[in-house]
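J.: Here is what each chain is made of, one letter per residue.
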Amino acid sequence: MDVRSQISMVFHLDKCIGCHTCSIACKNVWTDRKGTEYMWWNNVETKPGTGYPTKWEDQEEYRGGWEKKDGKLRLKSTGRGRIVPNIFHNPSLPSMDDYYEPWTYKYDELFNAPEGDDQPTARPISKVTGEYMDIEAGPNWDDDLGGSPVYAENDPNLDALTPQEREQMFSIERLVFFYFPRICNHCLNPACVASCPSGALYKRGEDGIVLIDQKVCRAWRSCVAACPYKKTYFNWQTGKSEKCILCFPRLETGQAPACFHSCVGRIRYLGVLLYDAERIEEVANKPPEEMIDAQRDMILDPRDPEVIRGARENGLHDSVIEAAQKSPVYKYVKDWGIALPPHIEFGTLPMLFYVPPLLPVMAKRDGDNVESVSDDLFHGFEQARAPLDYLSSLLGGGNTGKLVYALRKQMAVRMHRRLKTVGDVDAEVVERMLREADTTPEEADAIYDLTALCTFEDRFVIPPAHREEAIEMMKDPQEHRQSAGFGFVSGPERGL
Amino acid sequence: MRDLGSLRRRRLLHFFIVAAFVTGAASTAEAIDPAKDFKQNCSSCHTIGGGRITGPDLKDVTKRKDRAWLKKFIVDPGGVIDSGDAYALKILEEARNVRMPNVAGMSNERAESILNLIEAESKLEKSQFAGIQISNRPFSQADVDHGRRLFTGEARLKNGGTSCISCHAVGGLGALGGGKLGPDLTKVFERYENRRKLGTWLSAPATETMLPTFRDHPMEAEEILPLVAYFKSAAQTYEEDTAPRGLVFLLLGIGGAVGAVLLLNRFWRRRFRGVRRSLVEASALPEEPVAPSQS
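Sequences listed follow chains A and B, in order. Those letters in the first sequence? Residues 1 to 496, by the working numbering. Those letters in the second sequence? Residues 1 to 295, by the working numbering.
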């Protein structure tokens with residue numbers, strides 16, 4: 001057992017209101033420099049939709065992530081044989097058009113327009129070329145299903161549905177969407193790190209954050225092609241690639257990352273997970289249906305004395321182990337089993353988990369009447385508008401069972417709370433529901449507390465960074481001891 | 001103590017750096033060896049006691065003309081000729097109007113030491129600058145073949161000089177011809193009239209491009225002879241190629257490039273071609289014609 005720590009995340013999709021505050025917080029802090037205008041280290045997508053960059057989930061096009069060949073894992077984008085002939089022109093790179101061309105407006109023309117009969121306008125200009133341009137796309141161009149016939153209907157996850165289901169999904173009465181905020185997953189088996197010919201990317205030993213060393217990066221852009229989530233970006237101004245750094249300067253001073261901190265819906269949770277690094281390859285090699293369970297198995301119980309001993313042997317500080325025991329992510333992923341990794345079939349073992357959205361039918365139209373379905377407000381999730389197959393293609397690795405489990409448990413929590421606060425449901429029915437959802441009233445209350453009443457301290461359990469210890473891995477802090485200064489003219493004397 | 005030691009070492013280092021600069025500066029001010037100077041800058045057109053080549057034989061030149069005039073002429077031959085000096089015009093005519101070029105960096109001191117050298121060499125029975133001694137035997141076919149090999153670089157020049165083909169073309173070299181930087185050498189033998197003039201010129205080429213190339217890698221007499229033989233045979237056999245060879249190159253280049261692009265396109269047919277635009281284009285299919293309404 002090789003116990004390591006990883007700062008992991010949970011996004012609760014049922015709480016996300018799609019306000020993009022996280023994206024703006026991130027943009028203002030990190031990517032408002034020249035060359036980074038088009039990057040959104042944090043972005044919020046509408047699902048169904050093609051996202052940003054367009055259709056990033058389609059690995060037949062982008063060739064990101066891992067594939068299994070002869071029982072061995074290899075990168076889809078580059079391998080030892082492919083990297084040399086392709087090194088000067090990586091064939092799998094998205095162009096700026098697949099992201100979008102960033103723009104601003106020429107406000108000058110607005111403010112300094114001469115008096116005339118027509119309303120002055122500020123024409124859009126490209127932030128790349130500075131020329132006038134026609135805006136054709138943006139980072140959330142298909143927000144709230146805008147442009148559905150172009151974008152939403154080409155969502156790669158819809159491939160999991162039958163034609164009838166597809167048609168139903170886009171019929172007006174059943175029209176459904178939810179938001180899907182994305183940052184770097186800080187994966188356990190990161191394809192970006194594996195692909196870099198310069199060795200510029202690395203996974204930080206102490207907390208598992210994946211970073212790009214800006215001094216070592218040589219602009220090969222292999223990471224851009226290799227990351228199946230398309231979360232590394234090329235800065236065309238500096239000629240280096242950049243990615244989400246999980247605001248590590250904030251984490252090291254005990255603050256939550258900017259996107260977490262600013263989240264209006266409080267959907268984001270952050271905490272430490274302990275995992276067994278010896279099993280990464282084994283887990284990544286499993287068939288997609290088994291991967292979710294295998295990844296959960298790999299995450300270790302921080303209260304297990306054996307795990308604690310292993311962690312101490314690996315030099316993890318007691319405060320990190322303590323933080324892991326309090327981790328909200330551990331609760332969602334392991335204790336309750338309601339948070340799922342996105343597209344685990346890509347093989348990178350993402351460490352950002354999503355609680356799937358319930359999306360119940362709140363009202364239906366019958367002829368000219370719109371009826372509220374109040375008599376059966378928390379009806380079976382099978383009638384929920386987002387088809388299970390769609391959600392499981394996104395979050396379940398094609399495994400509907402995991403998704404049913406997570407949704408059923410959430411539903412049971414809601415019914416349990418309704419019984420407690422409103423009292424208009426049958427106690428026996430609720431009891432049966434809790435039993436069927438593999439949960440207890442106590443657990444349901446705990447889920448409710450952490451979902452609905454969570455404070456900063458509940459959501460973000462950030463371990464002390466112990467930079468003073470991390471630095472010892474690189475440098476001996478006593479290197480210059482007794483080798484600087486002028487010494488004493490006469491030795492110091494102690495006592496009387 | 002360690003700090004003091006390193007300070008001392010640093011001072012020593014400073015001393016060496018300064019010393020290196022001082023000696024370096026001194027070496028640049030050092031006078032140029034006149035013999036070397038003559039060999040590099042004069043001997044391609046002049047001999048001392050070897051007879052006229054392009055320029056006159058300089059044996060006893062200091063007796064023919066006074067030193068002050070000679071110095072002036074060496075430093076700035078162009079200026080003296082342009083000033084209409086009678087003697088200068090006379091020797092210009094003798095040299096069939098080939099003007100003596102100004103030598104870069106020539107100074108009164110250098111001219112003085114060159115004149116001293118000429119005076120000293122003139123007194124000798126046989127000067128080292130009597131010109132290259134190329135045998136007068138008739139050229140054989142073997143000479144011509146060897147010359148061709150030297151020209152094309154199949155045989156290396158002994159002192160490491162660059163093969164002629166790098167910059168020059170000659171008739172009969174084949175489809176790709178030779179270099180285009182220097183002039184076509186097909187008729188060079190006719191331009192230099194005889195083996196002695198061409199040979200002497202080759203012994204110390206004095207053009208701006210060839211001088212630095214061959215200064216440290218001079219050709220030997222036994223290499224010059226076959227080269228001259230080759231040039232002579234070329235001048236007799238071929239005419240200078242005046243056809244615009246560039247057009248063939250251009251067409252060949254365009255054809256090759258198009259072919260390469262097509263080949264690569266085939267090879268990389270599964271490459272990533274961008275996603276968003278194709279989605280937008282696919283969705284913008286023309287609408288089906290609306291059936292005329294029956295009213």
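Keep in mind that the hints were calculated from the coordinates and are not lab data. All residues carry an ideal CB built from backbone N, CA and C; glycine is no exception. Some hints could be false.
Label-pair restraints from in silico Cβ distances [as the list claims (entries may be wrong)]:
| id | chain 1 | residue 1 | chain 2 | residue 2 | range |
| --- | --- | --- | --- | --- | --- |
| 1 | B | Arg269 | A | Asn285 | 27 to 35 Å |
| 2 | B | Leu263 | A | Glu136 | 28 to 36 Å |
| 3 | A | Asn28 | B | Leu251 | 55 to 63 Å |
| 4 | A | Asn285 | B | Leu263 | 36 to 44 Å |
| 5 | B | Gly253 | A | Arg218 | 30 to 38 Å |
| 6 | A | Glu136 | B | Arg269 | 22 to 30 Å |
Examples of chain A residues lying across from chain B (beta carbon under 10 Å, computed) [what the hints assert, rightly or not]:
| id | residue |
| --- | --- |
| 7 | Asn90 |
| 8 | Ser92 |
| 9 | Asn157 |
| 10 | Glu428 |
| 11 | Arg432 |
Listing some non-contacts, in silico: residues in chain B with all C-beta distances to chain A over 12 Å [said to hold, decoys possible]:
| id | residue |
| --- | --- |
| 12 | Val103 |
| 13 | Thr162 |
| 14 | Leu262 |
J.: State for each hint whether it applies.
T.: Here is what the structure says about each hint:
One distance hint, 27 to 35 Å for the beta-carbon pair Arg269/B and Asn285/A, holds here, with the actual separation near 31 Å. Range check, Leu263/B to Glu136/A: Cβ separation about 33 Å, and the 28 to 36 Å hint holds. For the pair Asn28/A and Leu251/B, the beta carbons lie near 57 Å from each other, so the given range of 55 to 63 Å is met. Remark: the range hint 36 to 44 Å for Asn285/A to Leu263/B is upheld by a beta-carbon distance near 38 Å.
Here the CB-CB span from Gly253/B to Arg218/A is close to 32 Å, well matched to the stated 30 to 38 Å. Taken as a hint, the range 22 to 30 Å holds for the pair Glu136/A and Arg269/B, whose Cβ atoms sit roughly 27 Å apart. The closest approach between the C-beta of Asn90/A and any C-beta of chain B is roughly 9 Å, which is under the 10 Å cut-off, so the hint is satisfied. At a threshold of 10 Å, the smallest CB-CB gap from Ser92/A to chain B is about 5 Å, leaving the interface hint in force.
Using the Cβ-Cβ criterion of 10 Å, the hint placing Asn157/A at the interface with chain B is not satisfied: the shortest such distance is roughly 15 Å. A least Cβ separation of about 51 Å between Glu428/A and chain B goes past the 10 Å threshold, and the interface hint is therefore violated. At a threshold of 10 Å, the smallest CB-CB gap from Arg432/A to chain B is about 47 Å, leaving the interface hint violated. The Cβ of Val103/B lies farther than 12 Å from every Cβ of chain A, with a closest approach of about 48 Å, so its non-interface assignment holds.
Thr162/B, annotated as away from the interface, keeps every beta carbon of chain A farther than 12 Å; the closest lies near 32 Å. Every CB of chain A is more than 12 Å from the CB of Leu262/B (nearest about 17 Å), matching its label as outside the interface.
Hint violations for this structure: numbers 9, 10 and 11, all remaining hints satisfied.
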